[in-house]
Structures are given as C-alpha cells and as structure tokens.
Amino acid sequence: MGTLIGVLPGIGPVGAISILLPLTFQLPPTGAIIMLAGIYTGAMYGGSTTSILINVPGEAASVVTCLDGYQMARQGQAGAALGIAVFGSFLAGTIGLIGLQMIAEPLSFLALKFGPPEYFAIILLGFTFIIYLAQQSVIKAAIMALTGLLLSMIGLDPITSQPRMTFGVINLFEGLHVAPLAIGLFGLAEVLDNLEKAAPKKILKVKIKSLFPRKTHWLQAKWAILRGTAIGFFMGTLPGGGPVLSSFISYGVEKRVSKNPEKFGHGAVEGVAAPESANNAAASTSFIPLLTLGIPPNVVLAVLFGAFLIHGITPGPLLIKEHPEVFWGIIGSMYVGNVILLILNLPLIPLWVQVLKIPDKILYPLIILLCVIGAYSINNNVFDILIMIIFGLSGYLLKKFAYEPAPLILAFVLGPMFEVNLRRSLLMSQGSFSIFLERPVALAALVFFFIMVGLPIYRFIRKK
Amino acid sequence: MDKRNITSSIFFILLAAFVLLNSLSMGIGSFSNPQPGFLLFTTSLLLMATCVMLFAANFYHRNTEINLAGLWTNLNWHKNIIVLFSLIVYTTAVPIIGYISATFALMAVLFGLGGMKTWTIIVSSLLAVFLSYGLFQYLLKIPLPRSVWAF
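Same order as they appear, the protein sequences are chains G and E. The first sequence begins at 1 in the numbering used here and counts up by one. The second sequence begins at 1 in the numbering used here and counts up by one.
Don't read these hints as lab results, they were simulated from the structure. Among the hints, a few may not be true.
In silico lysine-lysine, BS3-like type, Cα no more than 25 Å apart, as pairs [what the hints assert, rightly or not]:
no., chain 1, residue 1, chain 2, residue 2
1, G, Lys222, G, Lys259
2, G, Lys263, G, Lys215
3, G, Lys357, E, Lys117
4, G, Lys357, E, Lys3
5, G, Lys361, E, Lys79
6, E, Lys79, G, Lys400
Please model the entire structure based on the sequences and the hints provided.
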C-alpha cells in the first residue's frame, strides 16, 4: 500500500498515513503502528518509480530523482535507473535500521533522566532546526511554526483546564486533532493544486529490458549510495531534516564531489543512487527521536505520533520498557518490509506503470472521498470534516503564497509538549530561567539554539 | 514587490493581533506562575514581529514584481471553488440525509468535473459509495453518518 501511495502523484506519505488511519482502528496497536510505518517505508520506495518513468515525483523526497532518473529512462536505461533506486534504497534502509536498533535503546535509557527543562530546551532546539532547515524562506518557515504553535493551544489549558480560543464551540474543547489538519494540508490541498492544473500525465513508453543494473552502473553508483546513506542517516535524526532534505543535500554533495558534474541532469546514475539511498536511510533513522524522546523529527512522523496516541501508546523513553512489542515490532517489521519491498518492487513495476495510467478524473474524486472519511473517522464527527476542508483551503493558499506547511504540522504536534515543559520548568524554578543553565543537556541544547539564532544575525550585521 | 508576501504578512499580523488580545483576557500571569494566556501571548507577539520583518523586507524590495492575480492565470480555479462548495454543502447535508445519499451526490459532482458521461458518473458514484460504505461501515466498523430517517 505504501508503494502504491508513493507511486501515485498527488498524495504523499503524510496525507496517506492520515487518510488510511481508519484502516488501523480494528487492528491491535502494534499491528496498526507497523502498518503505518510500512506505508511510510513503502512510499519512500515507490516515489522513485514516477520520478523515473513520468518525471513526476510520487512524493517530495523523490523530486530530485526526476532530474537524472527521467533522463536515464529517455536514454533507454529506465530499468537500470529503477534497479539502482531500489537496490540503493534497500541497502540504505537496512543500514539505517541497524543504526536505529543500536542507538535507540541506550538513548531511551538516557532520556529517562530528562525532566521538563531538558525537554523544553530540546524542543526549542528542534523548532530552530525546523525553521533553519526549511526549503524555502526561513522567515516564512518561522511564521508557519509559530502559527502551528498557536493552533496547538486551541482547547483546554493542559494545567488549569481553562478553555482557550474555543469561542464556545464544544468540538474545540479537546483541541484540534493532527489528522484532519494533515489530511487537509497534505491531502485535499494537494488535490486542489493538481485539479486546477489539469495537465495530462505523459508516461514515457519505454521497454524495461532488465531491472538489474550492469556492473558499470554499480561501479558508478557505489560511493554515491554510501555517501547518500551517511547523509540520510544523520539528517533523518535532525528535527526538520528527514527524507526530503537529505535527498536534496545528497544530490548536491554528489554533484560537488563528482569528477564530471556536467553529467548531472543528463542521466547520471549517481544522481539517482544518492538521493534514493539518502531518503530511505533518513526514513529509518527518523524513528530514533520519535521512539526514544517522543519527539517527531519530520512531518510524517508527526502524523505517526498522532496515530500512536490514538492507539493509546505514548512514544518516548518509556516505550521500550512499557511496550517492547511495539518498539521491536516496528524495527523487526521494517527489516522484513525492506526485504519484501526489494523482492516485490522490481517485478511489480509493470503494475505500478498501469496504476499510473488511472485518469485523474477518477483518481482525484476518490482521494477526496478518502480525505472525507479519514477526517470523519478520527472522532466519528462531521466537525472534523469541516476542519479538514478549512485546512485544505489553507494548504492550497499557503502553496500559492509559497509557504511550506510542514513546519506548521511539526510545531502543532510539538506545541503541547513545549508548553507543558516550559510552564512546569518555570513553576519548578519559581520563575527563574537559571533552571535551564543548571542542567547539562538543557544548557547544551540552549547553547546550540543561541548559536543557530545568533550566527545569521551576526553575519547580517557584519555584512551591513 | 512580492504582493504574496505583503498580503500574507498582513493576514498573519491581524491573526496574531487577534490572538494577542484574546490571550490578555485569559491572563498571562508571571514567570513564576504562568497562566493559560502566557504562551499564546508570547507566541503571537513573536508571530507579529516575524510578519513585520517579512512585510518590511518586501515593501522596500522593489526588484521583484509578483501580482496576486497572476497566481490564478490560465488555471481551472473554478473547479476548486466547486469542490470546496460541494464539500461544505456535504458537511451540512450528511447528518441530515445520511452517508449514502450525501456521498452519492458529492461523488456525482466530483466525477462530473472530469467531464464524464452521465451514466458513467452515476455508475462510478454508486460504486464509490457502496464500496466505501462496505469497507468502512462493515469491515472496519466505523459508524458512518446515518440520515434522520435512520438509514
């Protein structure tokens, strides 16, 4: 299902996980989370297929794959491009999983010692990363993150239970749920954006001779796969990083280190291998902050965080202790998923090509229907459909005005944790900010925060 | 001047001002005893400051010229209006006429936008309604909205 989502342009993993959330309601929590994690991993694999065959990325992390993947396909090397993408994804995803397995447990034990000041400082640093690593304007990313933070405060106050920004609407007392927001911003908004363009898809008529890359392809791609994996591994753990950014960075790095940078954009194997490896490694390691600290580093995991809560599980340092079956289930299933995707993806490529031929006039109404049911089924409440429509329109307008919705969702999910830990810290210290300086982890996070905020200001002043 | 940034920054300034005023009525408290409006006040103040920066940066930057009307030129934006309007009507109608009737009407409008033939629209809408009803109502046990006549 994840690969199908990845293949279909117009709906990415964020929208897909939110829309498909109701499918997991009848499953036990472990099975539900594993299914959603599988959709995420599968989408990372599937995204490259459309990038290579029709020059339309199935999801944002495969945007950069279009540059060389499509050119390879035009030169009659579609099979090799698809093969390199899948094998690179498999290797990177597996290495990322090994890292996740090795780092998660010790980090969880360390995180058990964290109190409100540490959490506040880490989330504050996370916000800074989210804004700093934005793909477009940093100021606009800050506006989005602050708006997300404001939206997270709608509902009853977490400490005094006083209603805030509810305007007497009972449905708002429990606050907004992340799923209708994400479905609106990433599902409906995406459909609206595509619907008005109405450009017919052009599927390249290629004969896929062999999906197994030749020895020359491997020789060209081996270092790109390794570098992409290393970049994805690191970027996946950073708040605001994740698969999308790591694919762009790895492509840029590959072009810079290449002896023939002029080949990039004209069908370079490295241009497919590096971003596809990076986004899969990042998809695996982005689970590290979620499963150990309870902090989702990117927007897909922010929605997954909401799914955890719906199923009565709170991700964080206690997850390994309280729900070991969920923790190890996710890791185990991702190993199995990687192998299944490797085995299934290549033979199923002809099927995915057929899926791509579904006309938009049939596909988009069905996606809208799934958006409606997905939003409704969270609380079995029509009010959530209305919220989804409002955020669908907002997402469409945000896109028009060149704003990224991802910082909004991330800040929205992190908002309640941020507020509670800030207020608890201040209550503990009776209003003294020195509490953040007395704890080494909080101090280190704040030092990083001030460096990240101060450095651009210092550069700006020096430039003037 | 990028009018997208000018317009959006004014919108967000107004939004921040609205939240700021509301937070004052909730009570801000003090650092030693932060009240429910504390973070709302701080965040809206920061949002306002950031938007003022965006506004100022664009107001004095005259090199680029992006008009709002250009964002919708040569696009089928009327389709989006129909979709949004149908969805709003749907949310009003579904608690009254129930999932099956409301969804059939919604799907007929949405499939109709693609310029399909009438009988194809009817068949596709019926298929979409009954397949989704079967999947969510019976297989996944999600109680879909019923009409006031209980079907």
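In ascending order, which of the hints set out earlier in this document are inconsistent with the structure? 4
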